[in-house]
Amino acid sequence: MATLGIDGTGQRLLRRLNPGPGGWQVGLATVATVGVALGLSALLIAVTGGSPTASTKALYQGSMATPAAWSTSLLYVAPLLLVAVGACVSARSGFFNIGQEGQVLIGALAGAWVGLRLAVPGPLLLVLVLLASVVGAGVWAGLSALMYRFRGVNVVVSTMLMTFLAQQLISFAVNTPWLLQESRLGRGTLSPQSNPVPENARLASLGEYPNLQLNGGLVLAVVVAVVLALVMARTRWGFRLKMVGLNPAAARHAGVRVGALGGIALAISGALAGLAGALLLTSPVGTNRLQPGMSLNIGWDGLLVALVARNNPLLAIPVAVLFGVLRAGGSFLAATGVPSFLVDVVKALLVLAFVAPPVVIGMLRRRRLADQPATPTTPTTPTAAVASPEPGDPSVPATPTASVPNPRGTAPEPPDPGDAGTAGTKDAMEGRLA
Amino acid sequence: MDVDDQLTPALTLRGVSKRYGPVVACDAVDLAVRPGEIHGLLGENGAGKSTLMKILLGLVHRDAGTITRGTEPVEIDSPQVAADLGLGMVHQHFSLIEPLTVWENVILGDTGRIDRAAACAQVEEVSRRYGLPIDPHARIDRLSAGERQRVELIKCLRRDPSILILDEPTSVLTQAESAELFTVLRRVVQAERRAVILISHKLAEIMAATDRVTVLRRGAVAFHGATKDTTAQQLARQMVGREVSLQSESAALGLLPVERPEPVEGVAPAAGNAATPERPAALRLREVTLLVGGLPVLDKLSLDVAPGEIVGLYGVEGNGQATVGELLSGLLVPDSGTVELDGRPVDLVRPGALHTAGLGIVPEDRHHSGVVLDMSVAENLVMKSLAGVTARGVLSRRKMHRIAQRQMAEFNIVAPSPDTPLRSLSGGNQQRVVLARELSAGPKALVAAQPTHGLDVGAIEDMYVRLRQAAAEGVAVLLISTELEEVMALANRIAVISSGRIVGVLPTAEATAERLGMLVGGVSH
Numbered sequence: 115m116a117t118l119g120i121d122g123t124g125q126r127l128l129r130r131l132n133p134g135p136g137g138w139q140v141g142l143a144t145v146a147t148v149g150v151a152l153g154l155s156a157l158l159i160a161v162t163g164g165s166p167t168a169s170t171k172a173l174y175q176g177s178m179a180t181p182a183a184w185s186t187s188l189l190y191v192a193p194l195l196l197v198a199v200g201a202c203v204s205a206r207s208g209f210f211n212i213g214q215e216g217q218v219l220i221g222a223l224a225g226a227w228v229g230l231r232l233a234v235p236g237p238l239l240l241v242l243v244l245l246a247s248v249v250g251a252g253v254w255a256g257l258s259a260l261m262y263r264f265r266g267v268n269v270v271v272s273t274m275l276m277t278f279l280a281q282q283l284i285s286f287a288v289n290t291p292w293l294l295q296e297s298r299l300g301r302g303t304l305s306p307q308s309n310p311v312p313e314n315a316r317l318a319s320l321g322e323y324p325n326l327q328l329n330g331g332l333v334l335a336v337v338v339a340v341v342l343a344l345v346m347a348r349t350r351w352g353f354r355l356k357m358v359g360l361n362p363a364a365a366r367h368a369g370v371r372v373g374a375l376g377g378i379a380l381a382i383s384g385a386l387a388g389l390a391g392a393l394l395l396t397s398p399v400g401t402n403r404l405q406p407g408m409s410l411n412i413g414w415d416g417l418l419v420a421l422v423a424r425n426n427p428l429l430a431i432p433v434a435v436l437f438g439v440l441r442a443g444g445s446f447l448a449a450t451g452v453p454s455f456l457v458d459v460v461k462a463l464l465v466l467a468f469v470a471p472p473v474v475i476g477m478l479r480r481r482r483l484a485d486q487p488a489t490p491t492t493p494t495t496p497t498a499a500v501a502s503p504e505p506g507d508p509s510v511p512a513t514p515t516a517s518v519p520n521p522r523g524t525a526p527e528p529p530d531p532g533d534a535g536t537a538g539t540k541d542a543m544e545g546r547l548a
Numbered sequence: 002m003d004v005d006d007q008l009t010p011a012l013t014l015r016g017v018s019k020r021y022g023p024v025v026a027c028d029a030v031d032l033a034v035r036p037g038e039i040h041g042l043l044g045e046n047g048a049g050k051s052t053l054m055k056i057l058l059g060l061v062h063r064d065a066g067t068i069t070r071g072t073e074p075v076e077i078d079s080p081q082v083a084a085d086l087g088l089g090m091v092h093q094h095f096s097l098i099e100p101l102t103v104w105e106n107v108i109l110g111d112t113g114r115i116d117r118a119a120a121c122a123q124v125e126e127v128s129r130r131y132g133l134p135i136d137p138h139a140r141i142d143r144l145s146a147g148e149r150q151r152v153e154l155i156k157c158l159r160r161d162p163s164i165l166i167l168d169e170p171t172s173v174l175t176q177a178e179s180a181e182l183f184t185v186l187r188r189v190v191q192a193e194r195r196a197v198i199l200i201s202h203k204l205a206e207i208m209a210a211t212d213r214v215t216v217l218r219r220g221a222v223a224f225h226g227a228t229k230d231t232t233a234q235q236l237a238r239q240m241v242g243r244e245v246s247l248q249s250e251s252a253a254l255g256l257l258p259v260e261r262p263e264p265v266e267g268v269a270p271a272a273g274n275a276a277t278p279e280r281p282a283a284l285r286l287r288e289v290t291l292l293v294g295g296l297p298v299l300d301k302l303s304l305d306v307a308p309g310e311i312v313g314l315y316g317v318e319g320n321g322q323a324t325v326g327e328l329l330s331g332l333l334v335p336d337s338g339t340v341e342l343d344g345r346p347v348d349l350v351r352p353g354a355l356h357t358a359g360l361g362i363v364p365e366d367r368h369h370s371g372v373v374l375d376m377s378v379a380e381n382l383v384m385k386s387l388a389g390v391t392a393r394g395v396l397s398r399r400k401m402h403r404i405a406q407r408q409m410a411e412f413n414i415v416a417p418s419p420d421t422p423l424r425s426l427s428g429g430n431q432q433r434v435v436l437a438r439e440l441s442a443g444p445k446a447l448v449a450a451q452p453t454h455g456l457d458v459g460a461i462e463d464m465y466v467r468l469r470q471a472a473a474e475g476v477a478v479l480l481i482s483t484e485l486e487e488v489m490a491l492a493n494r495i496a497v498i499s500s501g502r503i504v505g506v507l508p509t510a511e512a513t514a515e516r517l518g519m520l521v522g523g524v525s526h
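Chains as they are written, first to last, in our numbering: chain R, 115 to 548; chain G, 2 to 526.
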């Protein structure tokens, strides 16, 4: 894990960054699969009548070529990153939230209501808008936790289904004059959208540069990512969260209130998605109005960011940048005539390329271990930190058991290499005991 | 072979052996099952009953010996062959699909077109013939354990087996349901001249229901004869009977140190003083009842463990001792009754309450609730005492490392560093991590559930030394085990559990094979 070591020397840091056995294989395989994905994408563009080189160029121009293009890319990065960090938190707890798309909308709804209905002067309004979105979407996601707590409703299912509910709610809000539908000016027909939020409820750019805009939202998102990464890696709360995710039984055993902690993680994840929704409302990504389609699939894409970043909030930052670039470049590409859905296909291929290698290599490794007979192996060698070998040390060959009929069925145990390996060993053990 | 028998056995096994590596599961077993009789197969865990039956069903291949069906030698090399030979088995654990109906479960595995009416008719026909009333349209998940057992029986009997094998059929049944089952079996045997093999560890059942009995001990036939010519006491002795060999043989295997530990100061030699009334119990279970599906898994179980003593909770698997372990891990909440530590009842609903109250536990399945495999050794060592390594909610890695390193040295945990993921440690070292964490918390009582399961000899020895040491330091140790040697070697007193009840508590010195065997078989005094 690439958490930053504040108490460590360079050596410690290096050791922690060492991906461990198989890590380099995963890295190499990822490079290879990304290559394959890019090749396939080029092929796809060529087959559909486009020019791969021209498309690549368009993609680049739309996302990175100019400061203006970068500004657009980075506008997308902030909400993507927030959603992804939230997904990391909930995934860490084992309570998987996949309803970010709806939570983004609910956040935007709550923010828009506060922004349009409360007449508060100055930047305080912006703060209130952001707070409202956090609370609104946090409560919305918390409903799923309550459903799980009291009715045992699967969290994955309920968070996802709540997305559709959220979409209907937004639609209702912007079609209902007394709620949030835009006010009538003259005799024009009314669109299903709200009024734009006032100026003092919008996120401004930091500094004044020609063409380059660094939106405040990006800073907010990066700060949130770093803070949550530290909280998860360094605090007691983060420790418990990790325990709940990896082994709820052991966590409960150690005195953790598993349900409550999971519920909080779910609410945090929803709150961050809501904040992303507020950014979509208040930053110049869209029209500063509440609209049914304003979530722009940020909720789903943010999930993909977390997936590619393997639930590591810090790793999510560069991945979110990559996705933002693809988004901005994709819109530009569509403007040049290449069907925009191709960009989605490219994105999907890239996600697969990043996600598949560790899974496949893990599977191969497990199969290899399962194929091996449960032969006694010497466990890992002791270091100087450990006292000298003692009678119970398994690395010292103990009393010969092989020649004596042994009613216990004990054989020198192999180390537990993984689930499949353990299962194999267990079977062998039970066989002996039968 | 008995001379008084006129009939050709339906099935004869001669000299059947099976080894798994160095372990002999079946050692030249002879068994003859005659039509028209119920043949009891009695033995403890690991006596070789299951292996023998797996050989008969074609699931396991024997190393030596012959199997004769009627007069013809046969080779059972697959379950299909076993079925063709008329061997049918009802397994201990039901293999029914709960959301499906009775008739659907019964015809499961048939080929060809599904004929619902015919299937239902057949279920009804079989159920009438054997007195197994059941509604073919009922869903399995609505049925009681006894009714499910009936469905399993119908499934088996429908194929018209000439030899019916039942593996611990009463383990989930009530008294009345068991009696009913044996009536049906009697009918099957007498009216239709089928043969039944009844596998059980319950003496009363064997005495009441069988015509002949074979006792297996450590893979070999320890006793064989007509049930009416034997007594429960005799069977009990044969089933357990190894008091003579126990200490010396274990020592020869290097499993246990020969000498027993000296009782510590202030701890009365528990022998002859089972009640130890003068000392208050550190751990007390009071009338604990736990129901699963309406059946009591623990039935008003009461047990005391005093400081400084090791109490062995011994019994055949499936009699509730695993449940006691889970209860004391805080994973189950009893329906009634209390768990007390130092005289104070513990609120079992609150997570971690037992730990806070001073109960350490080495759980039976350490991967399930004992450790987090994907966390480091250090993290696993401190996970229950996070307060000691945090300041204002922030973890101190340095403190964690210091504590981990100290415990690793103290408990001989072999790992490259405290940061090593626990998954990469050997089972023995993982178990040492659990023990180190639990003992370092300074518990008043320690529960060790099957603490040496799957460990190598060195780790077992280490575990024994630690448990004795803990007891010597005044910790009340409850050892839950299905290994008699282990219990005999460690415990001051042995509490025998059967069907979720403590049927007797014996000082180890008075624990003879016969008395233990009777208790294990569910016969109290």
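Hints in this document: simulated from the structure, not taken from any laboratory. Where a beta carbon is used, it is the ideal one built from N, C-alpha and C, also for glycine. Be aware that a few hints might be false.
A short list of chain G residues far from chain R (calculated; beta carbon distances all over 10 Å) [to be verified]:
#1 T9
#2 F95
#3 E288
#4 S330
#5 G371
#6 M376
#7 P508
Now the stretches of chain R that chain G is said to cover, found in silico as 3 or more residues with beta-carbon under 8 Å [claimed, not checked]:
#8 272-284
#9 362-372
Going down the list of hints, with the structure as the test:
Consistency note on G:T9: stated as away from chain R, and its beta-carbon is indeed over 10 Å from all of that chain's, at 30 Å minimum. With a closest Cβ-Cβ approach of about 19 Å to chain R, G:F95 is found to remain outside the 10 Å limit, as its non-interface label requires. With a minimum CB-CB distance of about 24 Å to chain R, G:E288 clears the 10 Å threshold, and the non-interface call stands. Residue-level check failed: G:S330 sits 6 Å from the nearest beta carbon of chain R, not beyond 10 Å.
At the 10 Å boundary, the C-beta of G:G371 falls inside the reach of chain R, the nearest C-beta of that chain being 7 Å off. G:M376, annotated as away from the interface, has a beta carbon of chain R within 10 Å; the closest lies near 6 Å. No Cβ of chain R approaches the Cβ of G:P508 within 10 Å, the least distance being about 24 Å, so the stated non-interface status holds. For the segment 272-284 of chain R, the assignment as covered by chain G is violated, since 0 residues bring a beta-carbon within under 8 Å of that chain's beta-carbons and 3 are needed.
Counting residues of the segment 362-372 of chain R whose beta carbon lies closer than 8 Å to any beta carbon of chain G gives 10, which reaches the threshold of three, so the coverage claim holds.
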